[in-house]
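*Asks:* Sequence:
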Amino acid sequence: MSHSQAMPRAVVIGMPGAGKTRVGKMAASLLHLPFKDADQLVEVQVGQTISELIETRGERVFRQIERDVVCDEIHQFEGGIFALGGGSPMTPDIYDALMEYRRLGGTVVFLDADPEEASTRAAHGSKRPLLANDAKNRWMELYRERQPVYQGLATVSIPSHGTTPKVMAQRLTDALYERVVHVSGTEPYDVRIGPGVSSKLRILLGEDTSRVALIHTRPVQRHADHVRALLRQSGYQVSDIAIPDAEAGKKVDVANGVWTRLAEDGFTRSDAVVGLGGGAVTDLAGFVAATWMRGIRYVNCPTSLLAMVDASAGGKTGINIPQGKNLVGSFYTPLGVLADLRVLNTLPTDIFVEGLGEVAKCGFITDPHILQILEDHAQELRSFDGSEPEQWIEEVAAELIERSISVKSRYVSVDLKESGPREFLNYGHTLGHAIEQIEHFTWRHGQAVSVGMVFAAELSSIVGHINQDLVDYHRELLTSLGLRTSWSGGSWQQVLDLMHKDKKARGNQLRFIILDDIGHPVHLNNPPLDAVREAFERIRS
Numbered sequence: 001m002s003h004s005q006a007m008p009r010a011v012v013i014g015m016p017g018a019g020k021t022r023v024g025k026m027a028a029s030l031l032h033l034p035f036k037d038a039d040q041l042v043e044v045q046v047g048q049t050i051s052e053l054i055e056t057r058g059e060r061v062f063r064q065i066e067r068d069v070v071c072d073e074i075h076q077f078e079g080g081i082f083a084l085g086g087g088s089p090m091t092p093d094i095y096d097a098l099m100e101y102r103r104l105g106g107t108v109v110f111l112d113a114d115p116e117e118a119s120t121r122a123a124h125g126s127k128r129p130l131l132a133n134d135a136k137n138r139w140m141e142l143y144r145e146r147q148p149v150y151q152g153l154a155t156v157s158i159p160s161h162g163t164t165p166k167v168m169a170q171r172l173t174d175a176l177y178e179r180v181v182h183v184s185g186t187e188p189y190d191v192r193i194g195p196g197v198s199s200k201l202r203i204l205l206g207e208d209t210s211r212v213a214l215i216h217t218r219p220v221q222r223h224a225d226h227v228r229a230l231l232r233q234s235g236y237q238v239s240d241i242a243i244p245d246a247e248a249g250k251k252v253d254v255a256n257g258v259w260t261r262l263a264e265d266g267f268t269r270s271d272a273v274v275g276l277g278g279g280a281v282t283d284l285a286g287f288v289a290a291t292w293m294r295g296i297r298y299v300n301c302p303t304s305l306l307a308m309v310d311a312s313a314g315g316k317t318g319i320n321i322p323q324g325k326n327l328v329g330s331f332y333t334p335l336g337v338l339a340d341l342r343v344l345n346t347l348p349t350d351i352f353v354e355g356l357g358e359v360a361k362c363g364f365i366t367d368p369h370i371l372q373i374l375e376d377h378a379q380e381l382r383s384f385d386g387s388e389p390e391q392w393i394e395e396v397a398a399e400l401i402e403r404s405i406s407v408k409s410r411y412v413s414v415d416l417k418e419s420g421p422r423e424f425l426n427y428g429h430t431l432g433h434a435i436e437q438i439e440h441f442t443w444r445h446g447q448a449v450s451v452g453m454v455f456a457a458e459l460s461s462i463v464g465h466i467n468q469d470l471v472d473y474h475r476e477l478l479t480s481l482g483l484r485t486s487w488s489g490g491s492w493q494q495v496l497d498l499m500h501k502d503k504k505a506r507g508n509q510l511r512f513i514i515l516d517d518i519g520h521p522v523h524l525n526n527p528p529l530d531a532v533r534e535a536f537e538r539i540r541s
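Taking full-length UniProt numbering, the leading residue of the sequence shown gets 1, the next gets one more, and so forth.
If you're looking for bench data, these hints aren't it; they were derived computationally from the structure. Since the model is a prediction, treat every value here as computed from it, not as a measurement. C-beta: ideal position from N, C-alpha, C; glycine also. Careful, some of the hints might be misleading.
Said to hold, decoys possible - In silico DSS-like links for lysine-lysine, alpha-carbon gap of 27 Å or less:
| no. | residue 1 | residue 2 |
| --- | --- | --- |
| 1 | K25 | K36 |
| 2 | K136 | K166 |
| 3 | K251 | K501 |
| 4 | K25 | K136 |
| 5 | K25 | K166 |
| 6 | K36 | K166 |
Stated by the list, open to error - Label pairs and their calculated CB-CB ranges:
| no. | residue 1 | residue 2 | range |
| --- | --- | --- | --- |
| 7 | I321 | E534 | 25 to 33 Å |
| 8 | R269 | Q64 | 15 to 23 Å |
| 9 | D376 | S270 | 44 to 52 Å |
| 10 | G185 | R261 | 28 to 36 Å |
| 11 | T260 | R540 | 28 to 36 Å |
| 12 | Y95 | P322 | 56 to 64 Å |
| 13 | Q509 | G79 | 55 to 63 Å |
| 14 | Q509 | T260 | 37 to 45 Å |
| 15 | H182 | D253 | 30 to 38 Å |
| 16 | G105 | G185 | 18 to 26 Å |
| 17 | V522 | D265 | 44 to 52 Å |
| 18 | N345 | M7 | 38 to 46 Å |
Take these sequences, add in the hints, and give me the full structure.
*Replies:* Listed below in structure tokens is the structure:
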């Protein structure tokens, strides 16, 4: 992977008085990017101010000149920040140019101004000829007309309610590094990846929600405090619910405690749940949301690499019982997922590294480029301690997360309920889940899956699907990332019993996900038991 990327680019739209020029300039300065303002480009071309142009030649001529200037600029826009006049998106040709720019991956940022603040600002002075008479009322008329158009064009909305231009400029800079993976299907949603995406909670939850249950663990208290503040600033009543960390939080009694709290706090079907933390928290929060009053809305805010690439997307929710992991659960899709890259800086190295197990899995089953990135950056990844520069996180870590989620979304979109192709996402999980169970969840999930992938590769080789070179590559790559490739706990009989309880098993027949080649997973149904035991013996320490 190259560290050189195209220059970030954003077109900023919004009402007069929203601060498009001021905020755009500040953001461009922070990022050392060029800044252009559509009104200024028009004025340079005609040699008049906008006011003089409209007074001498009329609004119709102004709009024609504006259309040509803006469309030309958008079509050749290579990078930086470009602020448009408030009425620009209402011109059909500009609207079409913005939609095409969006389709090609451009960012359209809507500065969603507070009507009272922005109309007051816009009413002052005489530089806004279209607001010359009865400015505040005219501003509100235009606002009602333009708001739906702005919202329809925007890839990012930044509310200005009660915030400073400096804060808005920082949110704009964050938006330029945001990546979005769309998970399609019967209930589509987006996974947003980038620094500061937690601020999108208000947009996802909407104005109809009054209460929000914020479910989190103690280790992410700092992030929970930040998100709770964001929710309260947006006017929501927040029920703060801390649960035990990791698999200890995925239990029936924990879920029951949360249900009890929701009942006491008066949660209805119009309210929502936000799951903040690792994969266990997002699983539990999603399960609570799916079961409370037969389903209320929820948003996942994963705080670990593992949760970002695995548990938070895909709509699988669940809890554990003594007899097995995730045996009780449901398929229930979130309103959206917000993977805030800033939380990665706070992760202990071992928790970051375990997430690489699931990342590597996505590379082995679908996207070989992931494996190349892992190879190229193995040393940096295995020693990750949060001190890496932001640019490195936004390039290397963000691309790994985006590609991994894209792999998952590809399978989830066609098979939400894991009846066929989605089972390929379980590569390495049949033995991995057994290890977790036998080790009483003292092993981290990604580490167990890493051993499980080596087991699956060995089984693939034994039954003649791949050669030994690919098995060796599994061991070499996973070891270079700081992941385990062998296990000495448990007995063959314990493992066999748990494999028969695996979700992929059918009756008394064992089923595995193995590889024919990198990027080509297949089902292996009821293989010879001797082959399975031989693969098991090969991963013993």
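*Asks:* Give a verdict on every hint.
*Replies:* Against the structure, the hints come out as follows:
no.: 1; hint: K25 - K36; verdict: holds, 8 Å
no.: 2; hint: K136 - K166; verdict: holds, 25 Å
no.: 3; hint: K251 - K501; verdict: holds, 19 Å
no.: 4; hint: K25 - K136; verdict: holds, 26 Å
no.: 5; hint: K25 - K166; verdict: holds, 11 Å
no.: 6; hint: K36 - K166; verdict: holds, 19 Å
no.: 7; hint: I321 - E534: 25 to 33 Å; verdict: holds, 31 Å
no.: 8; hint: R269 - Q64: 15 to 23 Å; verdict: violated, 51 Å
no.: 9; hint: D376 - S270: 44 to 52 Å; verdict: holds, 48 Å
no.: 10; hint: G185 - R261: 28 to 36 Å; verdict: holds, 31 Å
no.: 11; hint: T260 - R540: 28 to 36 Å; verdict: violated, 45 Å
no.: 12; hint: Y95 - P322: 56 to 64 Å; verdict: holds, 59 Å
no.: 13; hint: Q509 - G79: 55 to 63 Å; verdict: holds, 56 Å
no.: 14; hint: Q509 - T260: 37 to 45 Å; verdict: holds, 41 Å
no.: 15; hint: H182 - D253: 30 to 38 Å; verdict: holds, 37 Å
no.: 16; hint: G105 - G185: 18 to 26 Å; verdict: holds, 22 Å
no.: 17; hint: V522 - D265: 44 to 52 Å; verdict: holds, 48 Å
no.: 18; hint: N345 - M7: 38 to 46 Å; verdict: violated, 25 Å
Checked against the numbered hints above, the structure breaks hints 8, 11 and 18 and satisfies the rest.
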